[in-house]
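With chain A fixed as given, assemble chains B, C and D with the ligands onto it according to the hints.
Residue numbers (numbering that gives the first Met the number 0), protein chains in the order written: chain A, 0 to 242; chain B, 0 to 242; chain C, 0 to 249; chain D, 0 to 201.
There may be inaccurate statements among the hints.
Restraint-style ranges between C-beta atoms, simulated for each label pair [as the list claims (entries may be wrong)]: (1) Lys125/D with Gln159/B: 51 to 59 angstroms; (2) Cys16/A with Leu53/C: 31 to 39 angstroms; (3) Gln197/D with Leu236/C: 33 to 41 angstroms; (4) Val49/C with Gly56/D: 19 to 27 angstroms.
Some chain D residues flagged as far from chain C (calculated, every beta-carbon gap over 12 angstroms) [claimed, not checked]: (5) Val17; (6) Leu18; (7) Thr24; (8) Lys28; (9) Leu115; (10) Ser116; (11) Pro119; (12) Lys126; (13) Leu187.
In short, the hints are calculated from the structure, not lab data.
All residues carry an ideal CB built from backbone N, CA and C; glycine is no exception.
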Amino acid sequence: MITLPPLIELRNITYSCPGRTSPLLKEINFSSSKERIGLIGPNGCGKTTLFQIIMGLLTPDKGEVLLQGRIMKDEKDFRLLRRKLGFLFQNSDDQLFSPTVLEDVAFGPLNLGSSPEEAREISVRTLEGLGLKGFEERITHRLSGGEKKLVALATILSMQPDLLLLDEPSNNLDPETRERLIGILKDLDQAHIIISHDLDFLASTCSHLYTIEDQKLIRCKAKQIHSHDHIHPYGDHPHQHGT
Amino acid sequence: MITLPPLIELRNITYSCPGRTSPLLKEINFSSSKERIGLIGPNGCGKTTLFQIIMGLLTPDKGEVLLQGRIMKDEKDFRLLRRKLGFLFQNSDDQLFSPTVLEDVAFGPLNLGSSPEEAREISVRTLEGLGLKGFEERITHRLSGGEKKLVALATILSMQPDLLLLDEPSNNLDPETRERLIGILKDLDQAHIIISHDLDFLASTCSHLYTIEDQKLIRCKAKQIHSHDHIHPYGDHPHQHGT
Amino acid sequence: MIEEPFARGTTFFHRRDARVKLIPALAITLILALSSSFLVTGTGCILTGVLLTLSRPDPGLLLRRICSVNIFTLFLWFTLPLTYGGTKTLPFFFLDLSLDGIRVATLITLKTNGILFCFLALLATSTVASLGHGLEKLGMPRKLTFLLLFSYRQLFVIHQEYLRLQRAARLRGFIPANSLHTYRTYSHLFGMTLVKSWNRAERVHQAMVLRGFNGTLIPLNQPELRREDYLFLATILLISFLLAAIPFFC
Amino acid sequence: MHISEGVLTAPVLIGGAVLTAVGTTVGLKKLDYDRIMTVSLLSATFFVASLIHVPVGPGSVHLLLGGLLGLLLGWGAFPAIVVALLLQAIFFQYGGIVVLGVNSLNIAGPAVLCGLSLSPLLKGSKKQRMTAGFLAGFCSMFLSALLMAGAIFLSDQGFLHAAVILLASHLPIMLIEGLITMFVVGFLARVQPEILSQDTRK
Ligand SMILES: Nc1ncnc2c1ncn2[C@@H]1O[C@H](COP(=O)(O)OP(=O)(O)OP(=O)(O)O)[C@@H](O)[C@H]1O
Ligand SMILES: Nc1ncnc2c1ncn2[C@@H]1O[C@H](COP(=O)(O)OP(=O)(O)OP(=O)(O)O)[C@@H](O)[C@H]1O
Ligand SMILES: [Mg+2]
Ligand SMILES: [Mg+2]
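Pulled out of the complex, with its shape left as it was, chain A reads as follows (with noise of 0.2 angstroms):
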């Protein structure tokens, strides 16, 4: 039996901010196939950073991202990881710029190549989907909060994408469209990487948890993701519920 590699793949990955002395992250090694991955830690721990590095936004001082085994040099390589990996911001608002929703969601199957009615089809289907039927009309920017966060993941998940880094989604929403988030990410069939600090969200969505602590990317025990309690993963740091 041949065994594949894994879809995403870090090695020894060291970065530091522009203008800081000691790195944010260091040596991080990490693969991921096809499961359903929670990523917890304080702020500032580097966790959107690691995001934007697997995406290619950020360059390593050192270390390697792999997509299937190949290793990504360049921008171009880089073209092609990310029609695999959706990634979906914190912040909806910078995620969204067309006009209405529909060529929102758009955009990214017409620039993969498919024709006008293509990505037609396939937007109004992913809207669907997600229960957004009857917004294709609508003002992107005049959506609520939970609205644009919904929308934003349908525009990711237009260009049919095999894994979702999701930074921090049930940030801002209310509880309604919280659970219907939930709901629907527990519904796709793609893998998924959550950026949270709602251990509740993570507990039902995640089947196991990771954090970055001390400059590391580390897997939380088992049992801590299954309790629905007040957990405290950073141990004996300072730490700060809520927000």
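Just chains B, C and D with the ligands now, kept in the frame of chain A:
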């Protein structure tokens, strides 16, 4: 003994967003003199709107805002009110508009009639009080998120208000800055009303909590705020930890 | 990212008040811009080059700046010798180059670079914030100063907003090309940035109103001029005067 | 779209500076403090536009969008453009203080002219709006290039050919400016039509 009228009072405030049919806030009554209040509630329930009404930035459909027993009728009345109440915005980038920190902090006092020398002196003192000594000539847009928040607080404190309205002040702060802000708020003489989703933060800075439910402002039960535990002021509604 | 890389530094030049840099910068620029003598522009170029060296700019950055400003000069070098005309010509392979054209191109190159050096040495060593205040002290209308300072403050926020949107487009497979789709996409990115700025203006205006703003802007006093400032001003003005006087001696 | 220092002669420089001073004064007069924030932010946005490079043929050009600013601000575009160019001069040393007058006039003059004459069309049908957008972008760029070539030619007749080449080389840029301005106007009309119908232009 004469009882003084409360510093700020709301009487029967009803407000509807332009373009919506049902009101966002309905017959809200509230008064406060020297208390430290936390205000919680789901997204979009109208917390920020309530602050904007108090400051005279939005006009309610019905009802009155009173300052020390006097009804605020027009822009001129509200100018007086704005000397007594300081409003910290959710987004510090919207609040800082001068190039350097000193100019920004001195802007308020200058408008209130201080001479340039007085304004400078007040500003330097205010910055010192917040541990921002040496920041005077720094360029505001180059500050970090946490520093911006503290400078925005300084621009308000330099006007020596009697009551602070703080809109999600602990948002996007790293743990240290957050702790520092808690310390600052505890030490300040001023009363405050804080909107936040961060219950720990409220527990350490406020003596009681209000929430907006079904368009009404409701005072939460007293014991809730004093437990440092994971409290659920929204009762049985589906709720969200974190964020 | 937009930055003011030359303003970061602690040399004698960086510590001077913006006013005493603005006046001589204007004087030198005027002299160089209006002169048609090689001696004046050549000497000017050397003098401003010396000033620039004294302000210790980052060499790599400096080189890039000089190149980008000289693109227009390069354009002149490609066109003027061929098109300027005149009687005297210089044979160059199979072309006849106009001597006058070469002369003019050289002159403009000297002027452009002299003025650039002067700018980098005197003005780029101050932040926009202090230059704005300096200009106001020197008589620029107050509204214009505030326009300058307010837009300077928001520039960075808006630029980052744009960059984040552009990044979102890139992540969705957008590759710029010569197509209507590309132009439409850029319009949408820019249009969204514009809408956000427009709405931000409202909120920033509210912030001003809340701090007691009622239509008059009161300036906060700026630091007094010091002895070194006057000395600096006198020295550079003297140099500019000598520069301007060269044609009368030769 | 900048003339660097050293090309123009005194009369042209002075003429440009005087006209820019007049335009700016008119613009500032019509600008009250309630709107200073809007104009400041649009001025900053205009600056950001000049950092956007769009592909044209094998190379790329940066946007100017003076026509758009004229449509949105009318006379207010004049000081807004002066400020944006001043910021550019300080940040990038493109075109310094002495040519600021001429450069501002070259861009702001056509912007205000096109803005004022075409903005009534914005209230019309979609087709009229699109036309107004395209023309504002195209014509203001055309006039700017013409003024720039004119300023160079007036300084030295020997520059005639260089000026003509300069003008011709701006032709594709005019088209791009027209298209992008048209699309942005379309975008604004759909997303936030208040921006186009504001009574801020006088
Ligand atoms: N462009 C930058 N230049 C310098 N420092 C940066 C830059 N971007 C991020 N940082 C710093 O890098 C650190 C990590 O940022 P990052 O956004 O990855 O944190 P995070 O774990 O996502 O935090 P949060 O939970 O607040 O989103 C922070 O301390 C931040 O200040
Ligand atoms: N200018 C406006 N026009 C129309 N609706 C508006 C406007 N401003 C706010 N709203 C709506 O009013 C509601 C209340 O907004 P508000 O900002 O007060 O909520 P909030 O309680 O502060 O929420 P959050 O916790 O997200 O900050 C929201 O549903 C919002 O969409
Ligand atoms: Mg993050
Ligand atoms: Mg709010």
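Verification of the hints:
{"no.": "1", "hint": "Lys125/D with Gln159/B: 51 to 59 angstroms", "verdict": "54 angstroms, holds"}
{"no.": "2", "hint": "Cys16/A with Leu53/C: 31 to 39 angstroms", "verdict": "33 angstroms, holds"}
{"no.": "3", "hint": "Gln197/D with Leu236/C: 33 to 41 angstroms", "verdict": "47 angstroms, violated"}
{"no.": "4", "hint": "Val49/C with Gly56/D: 19 to 27 angstroms", "verdict": "42 angstroms, violated"}
{"no.": "5", "hint": "Val17", "verdict": "15 angstroms, holds"}
{"no.": "6", "hint": "Leu18", "verdict": "16 angstroms, holds"}
{"no.": "7", "hint": "Thr24", "verdict": "8 angstroms, violated"}
{"no.": "8", "hint": "Lys28", "verdict": "9 angstroms, violated"}
{"no.": "9", "hint": "Leu115", "verdict": "20 angstroms, holds"}
{"no.": "10", "hint": "Ser116", "verdict": "21 angstroms, holds"}
{"no.": "11", "hint": "Pro119", "verdict": "21 angstroms, holds"}
{"no.": "12", "hint": "Lys126", "verdict": "17 angstroms, holds"}
{"no.": "13", "hint": "Leu187", "verdict": "6 angstroms, violated"}
Taken one by one, the earlier hints fail for this structure at numbers 3, 4, 7, 8 and 13, listed in ascending order.
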